[in-house]
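Got chain A sorted already, so can you dock chain B onto it with the hints?
Top line first, the protein sequences correspond to chains A and B. What the first sequence shows, in my numbering, is residues 23 to 415, in sequence order. What the second sequence shows, in my numbering, is residues 47 to 411, in sequence order.
Simulated crosslink set (BS3-like; lysine-lysine; CA at most 30 angstroms straight-line):
#1 K270(B) - K58(B)
#2 K315(A) - K243(B)
#3 K310(A) - K326(B)
#4 K310(A) - K323(B)
#5 K270(B) - K181(B)
#6 K310(A) - K243(B)
Source of the hints: derived by calculation from the structure; they are not laboratory data.
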Amino acid sequence: MRTAGLVRSIIHVDMDAFYASVEQRDHPELGGRPVIVGADPKGRGVVAAASYEARRFGVQSAMPIGKAARLCPRATFLPVDMDNYARVSGQIMSILSEYSPLLEPVSVDEAFLDVTGADRLLGPPLEVAKAIKARLRREVELTASAGVAPNKFLAKLASDLEKPDGLVEVRPGGEAAFLRDLPIERLWGVGRVTAAAIRSMGIETIGQLARVPATVLERRFGKIGAHLHELARGRDERPVEPFAPPRSVGAEETFSSDHRDLERLALTLRAQAERVAGELRALGYLGKTVALKLRFSDFRTVTRRLTGEPTQEGLEIYRRARRVLEQTPLADPVRLIGLSVSSLSSGGSAQLPLFPDPAVRRARLAQAVDALGRRFGDRTVIAASLLMRPPPK
Amino acid sequence: MEVELERDAFLKGLQMVQNIVEPRQTLPILANVLLEAEGDSIRVSATDLAVGARVSVPAKVAVKGAITLSARKLAEIAKELPAAALTLKVLENAWVQLRCGGVSYKLAGLAAEDFPAVVPTASPKWVSLDGKVLKEMLAQTAFAISHDESRYALNGVLVSIQAGRIRLVATDGHRLAFASRLLADGAGSASGIVPRKAVHEVVRVLGVGEDVQVGLVENQFILKMPNFLLIARLIEGQFPNYEQVIPRGHPCRLVLSRSTLAASLRRVSVLSEERTKPVKLLLSPGALKLAAHNPELGEAEETLPLADYSGDEIAVGFNARYLLDALGALDAEQVAVELKDGLSPGIFRSLEGEEYFCVIMPMRI
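Bound-form chain A, shown alone:
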């Protein structure tokens, strides 16, 4: 929905400490108290969400649960009740969808809305954001932070700036002033490694980065360089896409040292296949094509594919990847191995199988393993061949 020349109005709505807030809402006795949603505090899982009361103790999401328990021993620890959060999420998205058909949910608790050109119908975008926040508070009894801006990147940045219950608008023309003093980590796609590389150029803020010519960044960072330049200047052309199914789901790993041990490569694929299969099941997709990617020590990269019946099973994905691997000559040691599943479709086929299908039983098994993983942590039930592998970082 790109409209050339037209200034867009994008709203990013992000629920505040969503899982924890839902629990506090449903258990009024927890109001104003530290609440941590996630794995068993005695186990090795991680924090899924922490209430703002818990965050004051330094608890963050994705932190090992044990560390959270040490930082905030008096917090109430609750398991992830995904069914409930998904239901609440449905209510939220339904409210948001009343404001624009261009609604792109990013996850259960955040979404982009494109309200370009809706001033006459709904009022100015800032007023729309206020109205949305008020309705969420009234009808779902939860607070949200919102960002209003001419594009997705700035809207997301703005919603994050005054959390919780924040509302920040970046007006057209105000992009440079808004970004000037923000640290470079705020840029979309800049992680620890890229940030360090940018810092080594003597650049700390987005404003400083914006003054570096695009060609310099491109020479230094390749394709991402041009992208960084655009973002630093507050430009982001990506449209709000109401429904954007993923093209593929994949995983890859670079080895600490190159090798060509087939069994070790296969074991890596086994783990990746399980991870990808889990993600496919979570997204509700089946994929037909399994692609194997190999990068050799000389950086030569090959991709080989094998297509079959739609699947979302780790073992089947692994089998296909392994078959391709066995057919690929390993002339040089392997630096990186990965697999991805594409040609995705949702739901099973309506076509019934002629032969008794072991896949039906295996699908039920996978669902049970997923449920155990959600409840007790990702590595609760794993393939025996993966027992000796360290958990993914």
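For chain B alone, coordinates are given in the frame of chain A:
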């Protein structure tokens, strides 16, 4: 090597083996055909290591010998040459001179010694068949071969010779095609899965009225005609136990005109969803209704009168493409359709001639 032969016969020979050559090969020499001159013929062979074929073309052999040349270029040249005698002469360093009338080519060849042999691993018990019959049986089953590369045991036709019959079976896991014929000289028993490529090649080269011999030996399928030999490596793996999924004793049996049913299916399925083409069959006393709908396009239905049906009502959905494939493979005008319920496979059977049927699994509708 030095030979003289007729361009027409040479071209025909090349065309019989040329399709075996894959556009992209693992070994450069597999892009070539092997030419072997000896006695009163030149033998032309092609292989992709899984399927190989060899054809003999009459020739005057002045000097016997062998060489390999690009299959594609040789066929292109032969196609453009006038219908006259041509000569092939191997020069030094694997260069080959080809002359025909006033035309002359100098072609870069590769030594014959490196060409993988197209030979049977052992001598099978041969079974004689009418070429037309074999071609028909293969065509009646080949469409059901699976394209799912991950289920390689289904990527071919099961050929089974047993108790004086030859049976061909193919399935993609959704439907199954079965053809069976009595053998004149019914000896021995053997079976193997013949890969799709070999099936298509046999169908392509088989003419009418020729007698062919087929044999299964160790890991090979062999087809022999007077001047032609095809050898295919059998697919390793277990073909599913197909007999257990062939339903017996379905309560409902209809006899329909093949062309009427096919025409109706084509009309109604225009509005089916494109990918899986679901069509609903509603059977009730006196009528068979076909229906399709598509949320974006609309609905279609057609009712065919069924004078002799007085059984229960049955509703069952099928992929229209599967039904049309089956109806296309049936040669009789009258077909029998056997159904049980919406979740059991349907059988589409030929009412005349030799034993042939398709088993098709329904779709959930």
